Amino acid sequence: MSLIIAQNIKETANTNGELRAGGTDLQERRRSRISAGPIIDIRRLQGLDQIEWQADGSAVIGAMVTIDAVANDPKIQAAYPGLAKAAGGLATPQIRLMGTMGGALLQHTRCPFYRHPAYNCHKNGGDECFARDGHNPNGVVFDLGPCVYPHPATLGMALLAYEAEVDIDGVGRRSIDELYGDGSDPTRDHTLEPGQILTHIHLLPPIPQEKAAYFRSISRAEAEWPIVECLVRLVISDDQITFARIGVGGVANIPLRLENVEQALMSQSPGRETVEKAAQLAAAGTNPLPQTVDKVRFLVNTVWHTLEVLSPKS
Amino acid sequence: MAVHNITFTLNGEAEAAVVPSHMTLLQMLREEIVMTGTKNGCAAGECGACTVLLNGEPVNSCLVLAVECDGQTLVTVEGLAHDRQLDPLQQALIEIGGVQCGFCTPGVLISARALLDRNPHPTKADVQAALVGNLCRCTGYVRIIDGVLAAAERA
Numbered sequence: 001m002s003l004i005i006a007q008n009i010k011e012t013a014n015t016n017g018e019l020r021a022g023g024t025d026l027q028e029r030r031r032s033r034i035s036a037g038p039i040i041d042i043r044r045l046q047g048l049d050q051i052e053w054q055a056d057g058s059a060v061i062g063a064m065v066t067i068d069a070v071a072n073d074p075k076i077q078a079a080y081p082g083l084a085k086a087a088g089g090l091a092t093p094q095i096r097l098m099g100t101m102g103g104a105l106l107q108h109t110r111c112p113f114y115r116h117p118a119y120n121c122h123k124n125g126g127d128e129c130f131a132r133d134g135h136n137p138n139g140v141v142f143d144l145g146p147c148v149y150p151h152p153a154t155l156g157m158a159l160l161a162y163e164a165e166v167d168i169d170g171v172g173r174r175s176i177d178e179l180y181g182d183g184s185d186p187t188r189d190h191t192l193e194p195g196q197i198l199t200h201i202h203l204l205p206p207i208p209q210e211k212a213a214y215f216r217s218i219s220r221a222e223a224e225w226p227i228v229e230c231l232v233r234l235v236i237s238d239d240q241i242t243f244a245r246i247g248v249g250g251v252a253n254i255p256l257r258l259e260n261v262e263q264a265l266m267s268q269s270p271g272r273e274t275v276e277k278a279a280q281l282a283a284a285g286t287n288p289l290p291q292t293v294d295k296v297r298f299l300v301n302t303v304w305h306t307l308e309v310l311s312p313k314s
Numbered sequence: 001m002a003v004h005n006i007t008f009t010l011n012g013e014a015e016a017a018v019v020p021s022h023m024t025l026l027q028m029l030r031e032e033i034v035m036t037g038t039k040n041g042c043a044a045g046e047c048g049a050c051t052v053l054l055n056g057e058p059v060n061s062c063l064v065l066a067v068e069c070d071g072q073t074l075v076t077v078e079g080l081a082h083d084r085q086l087d088p089l090q091q092a093l094i095e096i097g098g099v100q101c102g103f104c105t106p107g108v109l110i111s112a113r114a115l116l117d118r119n120p121h122p123t124k125a126d127v128q129a130a131l132v133g134n135l136c137r138c139t140g141y142v143r144i145i146d147g148v149l150a151a152a153e154r155a
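In order, the protein sequences belong to chains A and B.
Residue numbering for the first sequence follows the numbering used here, beginning at 1 and increasing consecutively.
Residue numbering for the second sequence follows the numbering used here, beginning at 1 and increasing consecutively.
Read the hints as simulated data drawn from the structure, not as lab findings.
Do not take every clue at face value.
Stated by the list, open to error - Here chain B is said to cover these stretches of chain A; the calculated rule only asks that three of the stretch's residues, wherever they fall, bring their Cβ under 8 Å from a Cβ of chain B:
| # | stretch |
| --- | --- |
| 1 | 220 to 226 |
| 2 | 242 to 249 |
| 3 | 262 to 271 |
Stated by the list, open to error - Capping the alpha-carbon separation at 35 Å, the derived lysine-lysine pairs in DSBU-like fashion look like this:
| # | chain 1 | residue 1 | chain 2 | residue 2 |
| --- | --- | --- | --- | --- |
| 4 | B | Lys124 | A | Lys211 |
| 5 | A | Lys75 | B | Lys124 |
| 6 | A | Lys211 | A | Lys277 |
| 7 | A | Lys277 | A | Lys85 |
| 8 | A | Lys85 | B | Lys124 |
| 9 | A | Lys85 | A | Lys75 |
Only a predicted model underlies this, so the values are computations on that prediction, with no experimental measurement involved.
Note that the Cβ used here is the ideal one computed from N, Cα and C, for glycine as well.
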């Protein structure tokens, strides 16, 4: 194996190899021999490890900022509380300290078939999804394409709910939707081409009255991949919901926004009945696999619970 | 195979090593330096048995390349005791029964040391949050958490 320590972005883009930022995903794939060939260490690239605040109050987060730094930044906690909660709720303290924002967005699927050297699925040169007909209780409930394992990026889901954009060097600004595509291409976890580098994350100006909650339905108290996760952002004014954004993860091969649930909440009083009715809509459009039928209930209940946290009368 | 000459501080002492590009920090500690207190559990960043302090922060040494440690400061479980005196955390875990098979203990001690260095008076919730990346299959965690809280009280 050769290790190239990149000194600048242009050099990096022109070098053949897999990028290593925090290394928490890549090193696991090296161990299981899913990743081979040269590695380009980008930890010395300048200008990517800061959170910058703009005059309008919005934040620009460098791709090399660690997940821990975002979770524990008091200004991020105040301006983008849902993002801070999602960052602080994923993985373990050790992973959050090493893992970067860019790496978290661009990590590869955690599907055990993809990560097993004996299987060649769509994502590593084959032409089938072994999870579709195999053991798949963690699989999707929105079946959007040939790959049926959920996208792993909690922060992709969070940034989708925050309508963030990302800078890709040499390409320009892209929405989170564009970063992940529509889920129909099973060969990729994101739409970046080899050699392209995500450099910054741009957030919109914060909404002063925003309340946000993040909930992760998991099989232990912490430090586990979610069964379903949900981030809700609400603005409640004069007993009416005037703004709603809902992101969900663990349910599709891309992060999703539940715009139908958002619409159902708008202009409603944030009471028990509103929350319950809106949460039921999370199941609309689901087409689960035989082993993931129960996850539809998890989806509805996770959205319901997350909404209840923010709803003063529920 | 590319190799790299690296220097670093390990448990307060200057160290040097020649490491191949692919070698992890965990492999370097256990196989090159033969300092085997740090344990190899999952080698995938999930169990925390290999936790060490890298520049004061707890990291999974199975996920760090040895070459990344050039010029850095490392502390392993062997570096916790000083002058033949156990770290208060070690003493408390022994007395309270926070050690059974002992395989997770080095990682637990390092994560707990990072917590107490940052927050000398943690709550039970603080301790639980700091240790979520360290799996223990023996103790049920209760006595580990009690031990960390006791060590904090004694300090």
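Now the hints, each set against the structure:
1. 220 to 226: With 3 residues close enough to chain B, the hint holds.
2. 242 to 249: Since three or more residues must qualify, the claim that chain B covers the stretch 242 to 249 of chain A is violated, with 0 doing so at under 8 Å.
3. 262 to 271: Our answer is that it is violated, as 0 residues pass the Cβ test (under 8 Å) against chain B, missing three.
4. B:Lys124 with A:Lys211: 27 Å, holds
5. A:Lys75 with B:Lys124: 26 Å, holds
6. A:Lys211 with A:Lys277: 20 Å, holds
7. A:Lys277 with A:Lys85: With a Cα-Cα distance of about 25 Å, the restraint between Lys277 of chain A and Lys85 of chain A holds, given a limit of 35 Å.
8. A:Lys85 with B:Lys124: The hint holds at about 20 Å.
9. A:Lys85 with A:Lys75: Holds, at about 13 Å.
Checked against the numbered hints above, the structure breaks hints 2, 3 and satisfies the rest.
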